[in-house]
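Protein chains in written order, with the working numbering: chain A, 1 to 374; chain B, 375 to 684.
Source of the hints: derived by calculation from the structure; they are not laboratory data.
For clarity, every value in this text was computed on a predicted model and none was experimentally measured.
Honestly, I wouldn't trust all of these hints.
[Said to hold, decoys possible] Computed cross-link-like contacts, SDA-like style, restricted to lysine to any residue with a CA-CA straight-line distance of at most 20 Å:
| id | chain 1 | residue 1 | chain 2 | residue 2 |
| --- | --- | --- | --- | --- |
| 1 | B | 455 | A | 360 |
| 2 | A | 46 | A | 75 |
| 3 | A | 218 | B | 461 |
[Stated by the list, open to error] Some, not all, of what chain B presents toward chain A, calculated at C-beta under 7 Å:
| id | residue |
| --- | --- |
| 4 | 441 |
| 5 | 442 |
| 6 | 461 |
| 7 | 465 |
| 8 | 467 |
| 9 | 527 |
| 10 | 548 |
| 11 | 583 |
| 12 | 646 |
The beta-carbon is built from N, C-alpha and C at its ideal position, and this holds for glycine as well.
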Amino acid sequence: MGLSRRAILSGGMLGAAAMVTSACAFAPAKASTVKPSASDTQPPVKPVIDGDLVYFNWADYVDPSIFDGFKKQYGVNIIQSNFDSMESMVAKMNAGNAYDLIFPSAKFTQKLAQAGKLHRIDHSTLTNADAIFSNYTYFDNPWYDVQSQHSIPFSMYKTGIGWRRDKLGDLTGSWGDMWNATAKGRTYVLDDRDEALGMAALRLGLDVNTAKADDLSKIVNLLTDLRSDLRAFDSDDYDNLLNGNAWLTQAWSGDMTTVIGEAKNPKQYGFEVAKEGSPINSDCYAIPSSARHPGTALLFIDYMLKPENVIKNINYIGYPMPVKGTEDAYASLVESLPQCVVTVDDLSKDLVFRNGTVAQEQARDAAWTDVQAG
Amino acid sequence: MADLMTAPPTEPQTGAVPPPPARKKTQAKRANRLWSLLALPGTVWMTLFFVSALLLLIALSFGTSDALGNPHFGTSLANLKALTDPAYVRVAMRSLLYALLTAVLCLLIAYPVAYAIALHGGKYKNALIAAIVVPFFANYLVRMYGWSVVLSDDGPILRLGRALGLSPNVHIQNTGFGVILGLVYGFIVFMVLPLYAAMERMDVSLIEAGRDLYGGPLRTFLTVTVPATRQGALAGLVLVFLPATGDFVSAQLMGGPNQIMIGSLIQDKVLDALNAPLGAALTMILLVVLLIGMLGYLRRTRRDELDVLR
Numbered sequence: 001m002g003l004s005r006r007a008i009l010s011g012g013m014l015g016a017a018a019m020v021t022s023a024c025a026f027a028p029a030k031a032s033t034v035k036p037s038a039s040d041t042q043p044p045v046k047p048v049i050d051g052d053l054v055y056f057n058w059a060d061y062v063d064p065s066i067f068d069g070f071k072k073q074y075g076v077n078i079i080q081s082n083f084d085s086m087e088s089m090v091a092k093m094n095a096g097n098a099y100d101l102i103f104p105s106a107k108f109t110q111k112l113a114q115a116g117k118l119h120r121i122d123h124s125t126l127t128n129a130d131a132i133f134s135n136y137t138y139f140d141n142p143w144y145d146v147q148s149q150h151s152i153p154f155s156m157y158k159t160g161i162g163w164r165r166d167k168l169g170d171l172t173g174s175w176g177d178m179w180n181a182t183a184k185g186r187t188y189v190l191d192d193r194d195e196a197l198g199m200a201a202l203r204l205g206l207d208v209n210t211a212k213a214d215d216l217s218k219i220v221n222l223l224t225d226l227r228s229d230l231r232a233f234d235s236d237d238y239d240n241l242l243n244g245n246a247w248l249t250q251a252w253s254g255d256m257t258t259v260i261g262e263a264k265n266p267k268q269y270g271f272e273v274a275k276e277g278s279p280i281n282s283d284c285y286a287i288p289s290s291a292r293h294p295g296t297a298l299l300f301i302d303y304m305l306k307p308e309n310v311i312k313n314i315n316y317i318g319y320p321m322p323v324k325g326t327e328d329a330y331a332s333l334v335e336s337l338p339q340c341v342v343t344v345d346d347l348s349k350d351l352v353f354r355n356g357t358v359a360q361e362q363a364r365d366a367a368w369t370d371v372q373a374g
Numbered sequence: 375m376a377d378l379m380t381a382p383p384t385e386p387q388t389g390a391v392p393p394p395p396a397r398k399k400t401q402a403k404r405a406n407r408l409w410s411l412l413a414l415p416g417t418v419w420m421t422l423f424f425v426s427a428l429l430l431l432i433a434l435s436f437g438t439s440d441a442l443g444n445p446h447f448g449t450s451l452a453n454l455k456a457l458t459d460p461a462y463v464r465v466a467m468r469s470l471l472y473a474l475l476t477a478v479l480c481l482l483i484a485y486p487v488a489y490a491i492a493l494h495g496g497k498y499k500n501a502l503i504a505a506i507v508v509p510f511f512a513n514y515l516v517r518m519y520g521w522s523v524v525l526s527d528d529g530p531i532l533r534l535g536r537a538l539g540l541s542p543n544v545h546i547q548n549t550g551f552g553v554i555l556g557l558v559y560g561f562i563v564f565m566v567l568p569l570y571a572a573m574e575r576m577d578v579s580l581i582e583a584g585r586d587l588y589g590g591p592l593r594t595f596l597t598v599t600v601p602a603t604r605q606g607a608l609a610g611l612v613l614v615f616l617p618a619t620g621d622f623v624s625a626q627l628m629g630g631p632n633q634i635m636i637g638s639l640i641q642d643k644v645l646d647a648l649n650a651p652l653g654a655a656l657t658m659i660l661l662v663v664l665l666i667g668m669l670g671y672l673r674r675t676r677r678d679e680l681d682v683l684r
């Protein structure tokens, strides 16, 4: 049986098929028997060192000197790994990896807590939690986690418009600015389903979480209308502003801090939140129920919440944190872009992206595909 | 894929050899058994990891996904129904078009290159082929990132262009041209190698004979060289077209809103929308389309082989 060319090429066909399919990463198909309060029957975590910390976060989202300080003070090691999206974080956890500390967004905190994947945290065991909960009462009972039983808020941000003042001058303070004629061909929308659909929904006066067919088709039409002005859907908002490709981009407030921190001439950049509303979001600390060293994780959270560490972190990542006594540090960081500040008042508007049912999520996915495909 | 590149595109001489004497038959049989044995590990590997993964994929395309993105097997037709959205057809057609243009461009670029190396490379032949292949050892993603920097608005190419009087409104990034450029660069090696192999094997005296028979250079080329290398070109077209269709890296780094490809959507469904079953269904449909094209190619080569045997 000599290998014929056809046999080899049939192999090639499979190889090509593999290339096509290698885009898919499998999560194991084990039936997740949803027991919403599986972890809730266990007592809350106790803050005692029970091993090295297995830490899982966005890259570069904590000042490295804080790690060094913690290692020195408690004599433990920190094993770091990073995710590049909430979805991949969950995929890794679904695949059975055990992490002691994760940083989910509000939406994913809710998903994980409801699926019983998070440990309970008793705030009274933390020495520094008071600076959050006695001042930012919003987090006493946030929409995503009843009484913050499984999470501690980490950072906050809102979505607005970042633009080049030197090219476009002043804007009008509305999502309508996305249609700025001068910026045509240099306008970007975030490559993010909720942010893109949400922006159009706010412009149209609709609910940002709508999954109604009528609403979605109006939203798709509006975004399709904007497409001809767009350079791209891209979430690299600060790079695009800094490298000159973007004159106008939908942007996250925290990324704007990076822009003014790195730009040669920070004064030429502006950031505004729209009068129609600005979606607000927060990231949390959470301890997965599969954690092997939950005690160390809890101690680390407490260490991170020391006021001096919070200020260090604010200066490092450029996102405000709901900790009393750190507001001035953030305000001086974003002096030229005051709209980056997130106030208690902003939070109480509850303009947030929420989890829908699977059917609602899929309806929004389909609308987003229509927008992307044009 | 490495074996593919070195696969001789014109080899079917098996039938041309006179039948071996009966004495040698047992020997041939033994050799056959040896070949089968050697093929065993590869076959097992393919069955285990390729075919079973493929079957999983097909099964999953009838499944559902829960709130945390865990896929569940099932018998739902919802995913296939979701694919009737015209957006998918539009993006799929664009992907096929980009892949086709990429394959044709690769052929036009690679043909003279392979020709020059195979027929006029002399003792530098192997070094020249290595010079083409070695850069491809670097990861595709890294190379594409490189291109996206080089071709950005403020990158060296466009800066130079503007200094020479190019309009500042000319972009390469976020255009269809940019995406196809990325694809051509990414996959051209799959065209050069089979073409080179075909030309290497070509009997050069045929060209001389053509010239002796008063064929002009063009006529000789069209009636002698092209038919002799057609197999290599066809193999190259297939090898470029298939991976280019499913590619999403080039579209992501070089494309804009109007250039997304079917691979981008599959990636989006699996990684961002946490809907692996829909991604699986999309992959399956793409596979079926590509398989149809592939069968056409296989029939064609089969006919060619029979022609040679005749």
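We went through each hint and held it up to the structure:
| no. | hint | in the structure |
| --- | --- | --- |
| 1 | B:455 / A:360 | holds (16 Å) |
| 2 | A:46 / A:75 | holds (18 Å) |
| 3 | A:218 / B:461 | holds (16 Å) |
| 4 | 441 | holds (6 Å) |
| 5 | 442 | holds (6 Å) |
| 6 | 461 | holds (4 Å) |
| 7 | 465 | holds (5 Å) |
| 8 | 467 | violated (11 Å) |
| 9 | 527 | holds (6 Å) |
| 10 | 548 | holds (5 Å) |
| 11 | 583 | violated (26 Å) |
| 12 | 646 | holds (6 Å) |
When held up to the earlier numbered hints, the structure conflicts with 8, 11 and fits the remainder.
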